[in-house]
Amino acid sequence: MRGPELYVRRDSPLHRLDARAKLIALAGVVGGAALCPVRPPWPALALGGLLAAGFALGRVLAATVARRLLPLALVIGGPLALSRLGGEATRLAGETFALKSGLIAAAFLLLTATTRAEDLLDAAAGVPLLAGPAGLAGFILRGVHLLGGEVVRANRAWRLRAPRAGARVRLGALCAASVSLLGRAAARSERVGAAMALRGFQGRLPPPPGRPLARRELGIGLLVVFASLAVAGVGRWL
Amino acid sequence: MAVSPAPVLRVERLSYTYAGGAEALRDITFSVAPGERVALLGPNGAGKSTLLWCLVGVLRGSGTVAVNGAVLAPGSEAEVRRRLGLGFAEPEDQLFMPTVERDIAFGPRAAGAPPEEAARRAAEAARTVGLAGPLLSRAPHELSSGERRRAALAAILALDPDVLALDEPTNSLDAPGRAALAETLSRLPCAQLLATHDLEFVGRLCARALVLVGGRLVADEPLASLLGDEARLVAYGLAAPREG
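Note that the protein sequences, when read in sequence, are chains A and B. Positions 1 to 238 (the numbering used here) are the ones given, in order, by the first sequence. Positions 239 to 482 (the numbering used here) are the ones given, in order, by the second sequence.
No lab work stands behind these hints: they were computed from the structure. Source: prediction; values computed, not measured. By construction, the Cβ of each residue, glycine as well, lies at the ideal position given by its N, Cα and C atoms. Every clue listed holds true.
Distance ranges between label pairs, derived from CB positions:
no. : chain 1 : residue 1 : chain 2 : residue 2 : range
1   : B       : GLY283    : A       : SER180    : 15 to 25 Å
2   : B       : ALA469    : A       : PRO207    : 52 to 62 Å
3   : B       : ARG442    : A       : SER12     : 46 to 56 Å
4   : B       : PRO372    : A       : PRO207    : 20 to 30 Å
Here are a few chain B residues that face chain A, going by a calculated C-beta distance under 10 Å:
no. : residue
5   : TRP291
6   : ARG320
7   : LEU322
8   : GLY323
9   : LEU324
10  : GLU330
11  : ASP331
12  : LEU333
13  : PHE334
14  : MET335
15  : THR337
16  : ARG340
17  : PRO346
18  : ALA356
19  : HIS379
20  : ALA396
Kindly produce the complete structure, drawing on both the sequences and the hints.
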């Protein structure tokens with residue numbers, strides 16, 4: 001299973017690293033970003049450098065990173081630009097939001113670009129509080145894939161029948177197709193639900209087959225946690 | 239005098255009416271002996287799929303359904319479903335786990351089997367249907383139609399059912415795929431109820447045919463005698479009339 005357009009298929013040390021180690025590292029980077037002071041800027045730059053090293057190690061191209069962070073630029077850049085109109089406190093709040101959101105978004109992007117969705121969900125299923133949401137996310141992802149296939153086929157079908165349709169016809173077709181697709185998705189979900197019940201599902205998914213996390217991989221995850229928190233801690237202390 | 243074995247599937251006076259009032263099944267009665275392979279034939283809309291859904295209690299009809307002694311009733315659905323495995327017409331709807339291997343192992347795991355035991359049963363079921371190697375670690379949607387059909391069958395077989403009921407098992411299968419499926423089914427020891435329009439396919443496997451038309455069971459007889467009677471095949475909507 002692939003997340004929609006998130007995973008970048010490569011063979012890199014970061015791709016090969018166990019998803020659980022990457023989740024540990026992510027927790028460290030998110031914690032570091034949350035604690036990281038905005039001024040002076042060097043702790044944030046150090047965390048950014050750590051993430052940049054991760055992207056390089058994962059052989060994720062800068063253009064890919066830029067393209068995927070672009071939609072977030074509006075969400076982050078808008079409030080930042082508006083905050084420049086206010087006083088010192090507003091400006092600081094805007095910078096804090098932009099910096100921390102940017103770092104956290106980049107960390108998630110690095111994780112999803114180097115980890116297949118199924119491995120990520122398996123890793124998340126091993127975390128007590130995340131097990132339920134991870135199972136649910138797996139179903140949603142599979143549903144998204146199935147629905148995506150239906151959308152592509154429906155799109156092809158109406159284009160073949162109305163290749164020169166105007167905007168009004170297209171809009172009408174889009175509305176009609178959406179209703180039809182939702183109906184089909186509901187019918188399919190009924191059948192999938194029945195398939196699960198027929199094979200003994202009683203409301204709880206069996207956990208994924210477990211295997212211990214190798215010490216080396218655990219060490220890498222913990223090292224990233226330590227480095228992230230140390231940078232943020234020293235930044236705050238100084 | 240030889241004593242016939244107790245039926246593994248017994249259906250008595252089964253009727254089902256859809257919520258809108260359309261009568262889908264009326265007074266269906268038949269039984270299937272252990273290890274017997276029976277073709278369930280009928281034109282589109284005859285009620286074949288509805289009958290299969292009623293056998294596992296997804297649709298609740300009136301009448302009696304018993305699978306190897308377990309009578310379908312509120313509270314006993316799980317036991318009936320463990321004994322009767324149903325294969326859907328669209329195998330894609332039946333595969334819902336992230337990988338094929340885990341999908342096949344889902345049933346045994348849900349039944350409480352330890353992971354190693356579930357994995358062993360999944361591997362055995364996969365071997366039975368001819369799935370192996372990298373295919374098992376792939377996502378179900380990455381498989382071809384034939385592979386998905388085999389994966390869905392393996393997912394049912396991992397539960398070791400007494401009766402296998404398959405809805406349109408040859409849908410979207412090419413000729414080699416149909417031959418391979420027939421070969422696999424011919425090796426299975428469990429009783430089978432194969433709902434299909436594919437007369438050539440069931441001709442390889444089944445000695446007996448049930449014919450549903452308009453929700454009623456109109457024939458229960460040796461398949462060979464039915465296949466040899468073209469007039470009745472046409473009358474039942476199982477064959478097109480010859481021109482001229």
